[in-house]
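Protein chains: 2
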Amino acid sequence: MFDPVEKLKEYVRHASVSADPQFKQGMLGAQDFIAGLLKEIGFAVEVVPTALHAVVVAKRGDNPKWPHVIIYGHYDVQPADPLEKWDTPPYEATVKGERIYGRGTADNKGPLMVHVAAVARLLEKNPDLPLRITFVVEGEEEIGSKNFKTFLKANKEKLRGDFVYFSDTGIPSPEQMVITVGLRGMMAFEIEFTGPKMDLHSGMNGGVLMNPLQALAELCASLHTADGRVNIPGFYDKVVEPEAWEREQLKGLGLSEKEYADFLGIKEFHTPPGYTPFEAIRFLPTLEFNGFSGGYQGEGTKTVIPSKAKVKITCRLVANQTPDNVKEAVFKTIRERCPKGVTLEIKEQHHALPYVVIPPDRSNTPKDQSPALANCFRAVDKAATEVFGKPPLYLREGGSVGLIADLKEVLGLDAVMLGLFLPEDNLHAPNESFHLGVMKRGIETSERVLAALAGK
Amino acid sequence: MFDPVEKLKEYVRHASVSADPQFKQGMLGAQDFIAGLLKEIGFAVEVVPTALHAVVVAKRGDNPKWPHVIIYGHYDVQPADPLEKWDTPPYEATVKGERIYGRGTADNKGPLMVHVAAVARLLEKNPDLPLRITFVVEGEEEIGSKNFKTFLKANKEKLRGDFVYFSDTGIPSPEQMVITVGLRGMMAFEIEFTGPKMDLHSGMNGGVLMNPLQALAELCASLHTADGRVNIPGFYDKVVEPEAWEREQLKGLGLSEKEYADFLGIKEFHTPPGYTPFEAIRFLPTLEFNGFSGGYQGEGTKTVIPSKAKVKITCRLVANQTPDNVKEAVFKTIRERCPKGVTLEIKEQHHALPYVVIPPDRSNTPKDQSPALANCFRAVDKAATEVFGKPPLYLREGGSVGLIADLKEVLGLDAVMLGLFLPEDNLHAPNESFHLGVMKRGIETSERVLAALAGK
Chain A
1 MFDPVEKLKE YVRHASVSAD PQFKQGMLGA QDFIAGLLKE IGFAVEVVPT
51 ALHAVVVAKR GDNPKWPHVI IYGHYDVQPA DPLEKWDTPP YEATVKGERI
101 YGRGTADNKG PLMVHVAAVA RLLEKNPDLP LRITFVVEGE EEIGSKNFKT
151 FLKANKEKLR GDFVYFSDTG IPSPEQMVIT VGLRGMMAFE IEFTGPKMDL
201 HSGMNGGVLM NPLQALAELC ASLHTADGRV NIPGFYDKVV EPEAWEREQL
251 KGLGLSEKEY ADFLGIKEFH TPPGYTPFEA IRFLPTLEFN GFSGGYQGEG
301 TKTVIPSKAK VKITCRLVAN QTPDNVKEAV FKTIRERCPK GVTLEIKEQH
351 HALPYVVIPP DRSNTPKDQS PALANCFRAV DKAATEVFGK PPLYLREGGS
401 VGLIADLKEV LGLDAVMLGL FLPEDNLHAP NESFHLGVMK RGIETSERVL
451 AALAGK
Chain B
1 MFDPVEKLKE YVRHASVSAD PQFKQGMLGA QDFIAGLLKE IGFAVEVVPT
51 ALHAVVVAKR GDNPKWPHVI IYGHYDVQPA DPLEKWDTPP YEATVKGERI
101 YGRGTADNKG PLMVHVAAVA RLLEKNPDLP LRITFVVEGE EEIGSKNFKT
151 FLKANKEKLR GDFVYFSDTG IPSPEQMVIT VGLRGMMAFE IEFTGPKMDL
201 HSGMNGGVLM NPLQALAELC ASLHTADGRV NIPGFYDKVV EPEAWEREQL
251 KGLGLSEKEY ADFLGIKEFH TPPGYTPFEA IRFLPTLEFN GFSGGYQGEG
301 TKTVIPSKAK VKITCRLVAN QTPDNVKEAV FKTIRERCPK GVTLEIKEQH
351 HALPYVVIPP DRSNTPKDQS PALANCFRAV DKAATEVFGK PPLYLREGGS
401 VGLIADLKEV LGLDAVMLGL FLPEDNLHAP NESFHLGVMK RGIETSERVL
451 AALAGK
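Residue numbers (my numbering), protein chains in the order written: chain A, 1 to 456; chain B, 1 to 456.
Worth flagging that the hints you see were computed from the coordinates, not collected in a lab.
Every value quoted in this text rests on a predicted model; they were computed, and no experiment measured them.
One should not assume that every hint holds.
Given that identical chains are not distinguished, each listed pair holds provided it fits within a single copy or across any two copies.
[Claimed, not checked] Below, simulated SDA-like cross-link-like pairs (lysine to any residue); rule was C-alpha separation at most 20 Å, straight line: (1) K340 x Y275; (2) K267 x E192; (3) K153 x V47; (4) K308 x G298; (5) K158 x D62; (6) K158 x V410; (7) K340 x A221; (8) K267 x H201; (9) K308 x A221; (10) K267 x T343; (11) K310 x A221; (12) K267 x S307; (13) K310 x Q297; (14) K146 x T301; (15) K340 x L223; (16) K302 x A80; (17) K347 x E299; (18) K149 x K408; (19) K340 x E268.
So that you can see chain A by itself, here it is in the shape it has in the complex:
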């Protein structure tokens, strides 16, 4: 009998930090482990090299008449720093109470293990299951899936499935399953302001020139209206309003605005008019400042007017915005508003397309949807309702997972995303953990989903 907790412990032992070349051994170890595990449960495994970390591709079933599900996962994890904040060793998964602690337990080794276990159990009972399954497990998700799109383009033939099915999104509580139906896109950049050619003494030269820090403040202050909207002409042009059913779903979150504010530690929200905070993080684009720097930042005083100042900004995008549309509007406005007396340089960074999928039987304006995709949504809804005792919620998330848009763009495949991690799982932080009850119910749900896809 496949023991998912023991397998997860083995998997976590491989310190697969994709961002840091020192963890090359851990990356190879995790890759070997997941390749070996999939082979063990009957898959034909191929390790496909990329420019950096290889992708593990594993297949079972070759009857072209059978439905074909692509299950996505990633074997890389975030760095464990700061190590001193961990209560248990990050790479020795430790069960305490109803949780298993360790780096990657929730992101994404545990959730992937849920589907591997579901497949293993199902195939044990039905060795001839009429379902094609292809696992695609990449090693660069935590560094922006840099080579994944290239991999997809080069391996289109192998990946001609009906849809993508996976778990790398969240749920609000262990009792509430969520099908994630949208993710925000991203357009990241930084602006560097240059004033005088060198740092100046603020006594000798203060009060006669535009301080780059002041230019930064003036420009940044101009980018939002007092009511919290982004103050850039054209910014909202392509934004599609959510449908009534989407707003309705949010009631199922079971979280009051007061509880959310308390969780964040704020006294009041600053949300654009017409949207609750729960709606705003899912349905509205943003322009957020992620970092300011310039001048002296140490203890005490240094009377300097810095030559340069810098701001890092990310815009989150919603359907139907694209990074290119938004970039054009944002950069134009920024260039127009650059205060006199300084120059600015904009450096483009990471882009990701937003993603939305409309589950069947929901929208008033249904789009063409493949029967296989609709079938999967219905299978998940039924299985989750049975296992969790209540229907799943269909929610968008505020974060960005660019590879989902890549899968859609390159393979034409939509995604059925089964949420599995909780807000308190500490993803990307010390003491990351995965809820064992969610794991158990996740496996049961996924086993039923896969059985249903196979017509069982």
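Use these hints to put chain B onto chain A, whose structure you have.
For chain B alone, coordinates are given in the frame of chain A:
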């Protein structure tokens, strides 16, 4: 014969960095050196301990009928870092061309040596010179003269002079002597903004709360008007307009606005209406941002909404402002303008009073001035005119030297400040140097001044 260049080389050898406890030996060495040198030329020397670095007090002449000049200097220097940017060893003074290079050559070991040499030469010729001279050489100027005011209060009796005479200010060129007649004051503080209780993911939670960086930008952007004035009610209330003769003096700088802009590396000035840049840095108060920090500042992108953001600010003050007046107006406005959704904390830092002295025969509204002070101004004017071939300029400086205001406040003494360093001397920077021509002419000038004070 006293050789000021050789003596300066010996003096520079003592690495007297007051800011760094590792340089204790250098501090004691410089203290001993200057004490020994003054003893050598006939002074009774006392080393007066303070809470940190001692003050060297040296006296000659005890006839109470003689005029009494207090000569101020400091034996401490700035750290020499970054060491790799020095072309010569910072603590081995090296003559190249018409300059002597080394840490402290210009600030303040060289300028103090000018007056020591002048005194030595004069006393060699006139051993019975009817002039009381007291050198007061402190060791904490580069760290804000922290204990100097306490020292002054405790040693008032020893320091009952007619005025203070010294060189720790600048000149525009080796051919143009300057008498510094004013310094700006200072009111330094920082503001910390706090939003959510922890750093947040800008995808999961972006667009619903006031980002502390945005609050910082909005508040800072509100603190100046578009025309470059400080936008705080009451900020300019106490400011006294300069007199016509002061504006007139600036023409003698021999620097065009274009040349000044080129030196700073800017295309245009941003100066409040009614003031040239040369006037604004001397006659107007400022509010300058010295540092912004908050969020992610490294390479690439980190999608964080930081819990905290911080800005460091210094206000430069002019007569008759005080740090307390200005603080009240500034802090009140900042508290009133704090954007909703964040809290702010203001941390007070360094204060310094502004200082202005009006030389005799200049102002239309002359103040009571001691005949001894007027006598010294006239002596400096005559000597500088003879030695430099043209009259000195009477200029205020934009910087702050709090101890001048302390001398005025505690001892009731005004200061006659003979400028000696040049813009290209690299004070506080690598490759600090002192111009040997200025040194020579400074000694000649100072010798004539002291002789005139003694009635010779």
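Each hint, compared with the structure:
no. : hint        : result
1   : K340 x Y275 : between (36 Å within a copy, 18 Å between copies)
2   : K267 x E192 : between (33 Å within a copy, 17 Å between copies)
3   : K153 x V47  : within (16 Å within a copy, 80 Å between copies)
4   : K308 x G298 : both (17 Å within a copy, 15 Å between copies)
5   : K158 x D62  : within (11 Å within a copy, 102 Å between copies)
6   : K158 x V410 : within (13 Å within a copy, 87 Å between copies)
7   : K340 x A221 : both (16 Å within a copy, 14 Å between copies)
8   : K267 x H201 : between (39 Å within a copy, 18 Å between copies)
9   : K308 x A221 : both (18 Å within a copy, 17 Å between copies)
10  : K267 x T343 : between (38 Å within a copy, 10 Å between copies)
11  : K310 x A221 : both (14 Å within a copy, 15 Å between copies)
12  : K267 x S307 : between (37 Å within a copy, 13 Å between copies)
13  : K310 x Q297 : both (13 Å within a copy, 8 Å between copies)
14  : K146 x T301 : between (42 Å within a copy, 14 Å between copies)
15  : K340 x L223 : both (17 Å within a copy, 17 Å between copies)
16  : K302 x A80  : between (35 Å within a copy, 16 Å between copies)
17  : K347 x E299 : between (30 Å within a copy, 11 Å between copies)
18  : K149 x K408 : within (11 Å within a copy, 72 Å between copies)
19  : K340 x E268 : between (35 Å within a copy, 8 Å between copies)
In this structure, none of the earlier numbered hints is contradicted; all agree with it.
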